[in-house]
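**Student:** With the hints as your guide, set chain Z onto chain Y.
Protein sequences, first through last, are from chains Y and Z.
FYI, in this note's numbering the residues of the first sequence are 1 to 402.
FYI, in this note's numbering the residues of the second sequence are 403 to 804.
No wet-lab data here; the hints were simulated from the structure.
Hints are supplied without guarantee of correctness; some may be wrong.
[Stated by the list, open to error] DSS-like mimics (lysine-lysine), calculated; alpha carbons at most 25 Å apart, straight line: (1) Y:344 with Z:415; (2) Z:404 with Y:2; (3) Z:769 with Y:366; (4) Z:560 with Z:642; (5) Z:415 with Z:768; (6) Y:158 with Z:801; (7) Y:367 with Z:769; (8) Y:367 with Z:768; (9) Y:344 with Z:801; (10) Z:768 with Y:366.
There are 2 protein chains.
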Amino acid sequence: MKLPSIVDSLIEKNESKIVFLILDGLGGLPMEGEGGTELQVAKKPNLDELTARSICGLLDPLSPGLTPGSGPAHFALFGYDPFQYNIGRGILEAAGIDFPITPRDVLARINYATIDRKGIIVDRRAGRIDTKENERICKKLQENIHIPNVEIMVEPVKEHRAVLVLRGDNLFGDIEDTDPQREGHPPLKPRAMDHESEATARLVEDFVKQAQEALADEKKANTVLLRGFSKHRGYPSMKKRYGLNAFSIATYPMYRGITRLLGFTVHMGANTIEDEFKALKENYAQYDFFYLHIKQTDSRGEDGDFQGKVNVIESVDKLIPIITSLNPDCLVVTGDHSTPAKLKAHSWHPLPVLLYSNFCRPDEVKKFDEISCIHGGLGRMLTVHLMTVALSNAGRLAKFGA
Amino acid sequence: MKLPSIVDSLIEKNESKIVFLILDGLGGLPMEGEGGTELQVAKKPNLDELTARSICGLLDPLSPGLTPGSGPAHFALFGYDPFQYNIGRGILEAAGIDFPITPRDVLARINYATIDRKGIIVDRRAGRIDTKENERICKKLQENIHIPNVEIMVEPVKEHRAVLVLRGDNLFGDIEDTDPQREGHPPLKPRAMDHESEATARLVEDFVKQAQEALADEKKANTVLLRGFSKHRGYPSMKKRYGLNAFSIATYPMYRGITRLLGFTVHMGANTIEDEFKALKENYAQYDFFYLHIKQTDSRGEDGDFQGKVNVIESVDKLIPIITSLNPDCLVVTGDHSTPAKLKAHSWHPLPVLLYSNFCRPDEVKKFDEISCIHGGLGRMLTVHLMTVALSNAGRLAKFGA
Numbered sequence: 001m002k003l004p005s006i007v008d009s010l011i012e013k014n015e016s017k018i019v020f021l022i023l024d025g026l027g028g029l030p031m032e033g034e035g036g037t038e039l040q041v042a043k044k045p046n047l048d049e050l051t052a053r054s055i056c057g058l059l060d061p062l063s064p065g066l067t068p069g070s071g072p073a074h075f076a077l078f079g080y081d082p083f084q085y086n087i088g089r090g091i092l093e094a095a096g097i098d099f100p101i102t103p104r105d106v107l108a109r110i111n112y113a114t115i116d117r118k119g120i121i122v123d124r125r126a127g128r129i130d131t132k133e134n135e136r137i138c139k140k141l142q143e144n145i146h147i148p149n150v151e152i153m154v155e156p157v158k159e160h161r162a163v164l165v166l167r168g169d170n171l172f173g174d175i176e177d178t179d180p181q182r183e184g185h186p187p188l189k190p191r192a193m194d195h196e197s198e199a200t201a202r203l204v205e206d207f208v209k210q211a212q213e214a215l216a217d218e219k220k221a222n223t224v225l226l227r228g229f230s231k232h233r234g235y236p237s238m239k240k241r242y243g244l245n246a247f248s249i250a251t252y253p254m255y256r257g258i259t260r261l262l263g264f265t266v267h268m269g270a271n272t273i274e275d276e277f278k279a280l281k282e283n284y285a286q287y288d289f290f291y292l293h294i295k296q297t298d299s300r301g302e303d304g305d306f307q308g309k310v311n312v313i314e315s316v317d318k319l320i321p322i323i324t325s326l327n328p329d330c331l332v333v334t335g336d337h338s339t340p341a342k343l344k345a346h347s348w349h350p351l352p353v354l355l356y357s358n359f360c361r362p363d364e365v366k367k368f369d370e371i372s373c374i375h376g377g378l379g380r381m382l383t384v385h386l387m388t389v390a391l392s393n394a395g396r397l398a399k400f401g402a
Numbered sequence: 403m404k405l406p407s408i409v410d411s412l413i414e415k416n417e418s419k420i421v422f423l424i425l426d427g428l429g430g431l432p433m434e435g436e437g438g439t440e441l442q443v444a445k446k447p448n449l450d451e452l453t454a455r456s457i458c459g460l461l462d463p464l465s466p467g468l469t470p471g472s473g474p475a476h477f478a479l480f481g482y483d484p485f486q487y488n489i490g491r492g493i494l495e496a497a498g499i500d501f502p503i504t505p506r507d508v509l510a511r512i513n514y515a516t517i518d519r520k521g522i523i524v525d526r527r528a529g530r531i532d533t534k535e536n537e538r539i540c541k542k543l544q545e546n547i548h549i550p551n552v553e554i555m556v557e558p559v560k561e562h563r564a565v566l567v568l569r570g571d572n573l574f575g576d577i578e579d580t581d582p583q584r585e586g587h588p589p590l591k592p593r594a595m596d597h598e599s600e601a602t603a604r605l606v607e608d609f610v611k612q613a614q615e616a617l618a619d620e621k622k623a624n625t626v627l628l629r630g631f632s633k634h635r636g637y638p639s640m641k642k643r644y645g646l647n648a649f650s651i652a653t654y655p656m657y658r659g660i661t662r663l664l665g666f667t668v669h670m671g672a673n674t675i676e677d678e679f680k681a682l683k684e685n686y687a688q689y690d691f692f693y694l695h696i697k698q699t700d701s702r703g704e705d706g707d708f709q710g711k712v713n714v715i716e717s718v719d720k721l722i723p724i725i726t727s728l729n730p731d732c733l734v735v736t737g738d739h740s741t742p743a744k745l746k747a748h749s750w751h752p753l754p755v756l757l758y759s760n761f762c763r764p765d766e767v768k769k770f771d772e773i774s775c776i777h778g779g780l781g782r783m784l785t786v787h788l789m790t791v792a793l794s795n796a797g798r799l800a801k802f803g804a
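Looking at chain Y on its own, in the form it has when it is part of the complex (with noise of 0.2 Å):
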């Protein structure tokens, strides 16, 4: 039995709560002049008193030296095999704009694209016609494409960006992108990757034909280039692996898609981090885990902007308070990979993680940040065992063998 079976099969069920708050990105670097990460740089009392009560160590999302994408490393904060569970970006993009994806779809990412008459790429992106644009196009080809026994969606999202759906039986997504990532070439044929998939790879050359026939007339937006083509794969839910009746506080709809695919039922119309704790005092009642994600700390990495960072950390800061009158059972702080502003991208540095409870064992860490939680009493350790750790404080399993 592997492990994550193994933690399965100890679950024990009580009223505890427990409540990851998660921050994108939360990894930093020092960068020249600003006298440390931004985590040791920001002003956070209350963090910091946190800390000081609770066991802190450094988390790698994947595996040491890895960079991970957002879907693998949230899937290893809930306990789920990053690599076994590593979800395609056709899913992703759907999650992303709350589609509700089933197990009978098979999902890709469609950029719009403008070819030459003799079917040449010139503009990858379709001179990034607007979203409205978008919608009307994405109508256009869900009107006017057919395939028997299949349900066909076309999503907008932003720009020349969309989702393709195709919902049948016996359809699979191991197929190779269409896009050739570049220009003066023609889009590729759909290739299937494995046997069973080639059915399902004639069924979207199809589309592309039907599509380019529906776009005719398009000036920019003439073909559909597909990537990440990818099948939903039932993952086991929160609740049928854990028993745990999961909350999930989002602004940004991919983190909502990503949780969804868990089973979570999942907070809509938070639009600020207020919102966000808002929604956690209000629905703290009727849950007993809660998953509270920040984005803008990852957003402000990628935006290489130090400060921007800091005041986001600091803000969130100011309203720990709200988390701790409540009281949980078991409380996390962490995030889902580094986002150093020195690097403006996701990056393989482990992660500060603390994790109080009334059972913790606190160790002799007093700041909450990179360099400070090196000494904590979680040591290094991988994301997916945290969530065990977590159950574990929350008085949720049982001890293995006699």
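**Tutor:** Using the frame of chain Y, we list chain Z on its own:
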């Protein structure tokens, strides 16, 4: 997909340079009256200065508590699973004489030995005949032994030790040792450990018979004992796995041989540590991964010569500016395993590592030794992950998952 394949699938190429400075047997133990470990006692201002700018930690070469041989310890350093790629003694000996091994070879180590008239071993080392004698006997065997469709090579090593190479098609190396490891017994029959090695085992039996006939008139070396049969497995190269043009600098042939198996270009002719650093400098433009191996730390450890090992560390420290002035994108200083003078042998103790790059996250460690590095930001890590961390620090790994 297993982790090494995942790493390989994320490789991106760029112009960066990675240097691995490997002090063999680097890790030590405090010895009575010496005031610390070899690294703690050594004066090494350059390494300590580098440490202050680096991220540090402790490496377990294989798994906590396991003492590695040189083969698996080196495979782990280069990111190859040391259990999957454990190479036999035969290959290692052949590597150690710069013998050009091919994938058609089965290799074994030969010990020349003395048997009496009843075929009982009376001296397992044939009176430690000198290397000249060894060369004469190897030549004699090579001239007198003929096996259809198989090329036989008998290569002298040192004193009573040689290498047997069987080259041909469909040869396999899962064959038990013929050396009973004690005197007073006859040599054992070469027994196949699996079905596919049976034909090769019979060829080996024929080889032993012919060898005994050819050596019947020898006073000392009148038989051969065979150990560590191994088949060359066709290891994936550093170029193929990581896209790296790798360059190997070592004074000892065995380390050149190991890297040759992995497709490194091997520098020949370095006899001193100074030669090695000079070779690094002179070849720096042509390659992008450099392995510089210092043997003497291990040798002095094996001798139980604490002060000698300290002296080697101090000598290497003086040459560190030659590397840092090249300004590599990622510089790693560590060893393959511990060889404490106190133990006069390889040991299981984890050993210190430092990694410098412009994107590392420096920790608070200021001295490069076994005790200080406990507090490093890399924590305690398996050596096999080191290459992944180095590749990311050199900007050569894409992120995993969307």
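**Student:** Now look at each hint and say whether the structure bears it out.
**Tutor:** The hints, checked one at a time:
1. Y:344 with Z:415: 19 Å, holds
2. Z:404 with Y:2: 15 Å, holds
3. Z:769 with Y:366: Roughly 24 Å between the alpha carbons, so the hint for residue 769 (chain Z) and residue 366 (chain Y) holds.
4. Z:560 with Z:642: It is violated: about 35 Å lies between the C-alpha atoms, which goes past 25 Å.
5. Z:415 with Z:768: Violated, at roughly 33 Å.
6. Y:158 with Z:801: With Cα atoms ~23 Å apart, residue 158 (chain Y) and residue 801 (chain Z) stay inside 25 Å; holds.
7. Y:367 with Z:769: Given pair residue 367 (chain Y), residue 769 (chain Z) holds - Cα atoms ~24 Å apart, limit 25 Å.
8. Y:367 with Z:768: 21 Å, holds
9. Y:344 with Z:801: 13 Å, holds
10. Z:768 with Y:366: Satisfied, since the Cα-Cα distance of roughly 21 Å is no more than 25 Å.
Going down the numbered hints, you'll see the structure goes against 4, 5, while the others check out.
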